[in-house]
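J.: So the protein lines, in turn, are chains X and U.
Read in our numbering, the first sequence has 52 at position 52, and its numbers run on one by one without any break.
Read in our numbering, the second sequence has 129 at position 129, and its numbers run on one by one without any break.
Some hints could be false.
[Claimed, not checked] So, partial list: chain X residues that the calculated Cβ filter (under 10 angstroms) puts toward chain U: (1) Val11; (2) Ser16; (3) Glu20; (4) Asn22; (5) Leu24; (6) Asp25; (7) Leu68; (8) Leu84.
[Unchecked claim] Over the 10 angstroms line for every Cβ pair with chain X, so calculated as not near, a few chain U residues: (9) Val44; (10) Arg46; (11) Gly47; (12) Ala88; (13) Leu92; (14) Gln99; (15) Leu112; (16) Gln113; (17) Lys118; (18) Leu119; (19) Phe133; (20) Ala142.
[What the hints assert, rightly or not] Short derived list, chain U residues pointing at chain X, Cβ under 10 angstroms: (21) Gly3; (22) Val4; (23) Met5; (24) Met8; (25) Gly9; (26) Phe12; (27) Arg125; (28) Leu126; (29) Lys129.
Source of the hints: derived by calculation from the structure; they are not laboratory data.
Predicted model only: the values in this text are computed from it and were never measured.
Virtual Cβ for every residue (Gly too), placed ideally from N, Cα, C.
Okay, here's what each chain looks like letter by letter:
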Amino acid sequence: MIVRIMGEGQVKLADSHFTELNALDDELLAELERGDTPGFRRTLGALLDRVRELGTPLPDDSLEPSELILPSSDATLDQVRDLLTDDGLIPG
Amino acid sequence: MSGVMKRMGMIFRAKANKALDRAEDPRETLDYSYQKQLELLQKVRRGVADVATSRKRLELQLNQLQSQSSKLEDQGRKALALGREDLAREALSRRAALQQQVTDLEAQHRTLQGEEEKLTLASQRLQAKVDAFRTKKETIKATYTAAQAQTRIGEAFTGISEEMGDVGLAIQRAEDKTAQLQARAGAIDELLASGALDDPTGTAKDDIAAELDRISGGTDVELELQRMKAELAGGSSSQQAIEGGQNAAGTQQPQRDTPRFDKQ
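Kindly produce the complete structure, drawing on both the sequences and the hints.
T.: Written as structure tokens, this is what we have:
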């Protein structure tokens with residue numbers, strides 16, 4: 001599966017890694033909903049690190065649509081919350 | 001998966017779809033519409049041509065009927081002169097029937113003529129409208145292109161353009177590759193012209209090879225001349241001299257051939 005880390009690029013991840021990544025991702029969502037900023041920062045960092053470790057970066061000239069998208073490592077809890085609302089940070 | 005990754009992915013896809021909907025090119029729609037108008041104009045013109053053809057056919061029929069009618073009138077006159085009133089009556093009654101047909105056809109002819117005039121006018125008006133639409137279409141297209149460029153600048157700062165940017169990269173790569181191929185083709189032409197690359201077709205000969213051919217050709221002629229002179233003089237001593245000359249030429253030959261090897 002192709003995952004994009006916003007601001008960094010795309011990586012290819014084997015499906016077998018998703019069980020582990022899902023746990024972190026669910027945790028991240030729970031922290032986001034609770035407004036737990038330190039927890040959110042920690043989990044987001046861990047999730048991004050695991051994706052970078054497990055994934056193979058796609059070359060810049062590849063043309064693959066991303067199936068999953070992750071916020072950039074410096075994204076704040078509020079920014080991510082905004083991204084997940086209907087209007088979000090992205091106009092459209 | 002129901003976490004942040006999945007939700008962000010879904011939102012991005014929804015946004016990307018909206019962006020793609022927006023990107024549906026109105027210029028193509030305008031061109032299509034113009035095409036349709038041209039087709040309609042063509043139909044109207046064909047209609048005008050059909051009506052004109054029918055009118056022409058009616059005119060021919062009318063001419064025929066009228067000539068038949070005058071023929072019957074002449075026949076009636078002749079029959080009366082010969083005292084055959086019965087024949088004259090028959091001719092005149094047939095002529096009356098023809099006259100009725102002529103009247104009917106004349107009415108149809110007038111209707112057709114009116115219709116033809118109306119259609120011609122409609123065709124001219126439509127032509128003017130289509131021309132006006134074409135001008136407007138080009139203006140809209142130009143405005144749209146400018147607006148699109150502005151929008152792109154705006155979108156460059158959003159997350160969507162990050163995904164969409166990949167497409168831009170592909171176009172950039174295609175352009176780069178084309179430029180590279182063009183440059184390569186130009187370089188190969190230059191190298192072939194300078195003689196640094198061999199022409200595989202073997203059609204072109206560089207100046208050094210031509211000079212070498214000329215020199216070796218000259219040597220052959222000299223040898224031939226010496227041989228002939230020796231034959232004329234006769235005797236073994238001169239034969240030796242020739243052989244010596246051949247040897248001398250033989251020793252010179254590799255020296256002259258050397259640059260040819262170097263070249264190749």
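J.: May I ask which of the numbered hints given earlier this structure violates, with the numbers listed in increasing order?
T.: Per hint list: 1, 2, 3, 27, 28, 29 violated.
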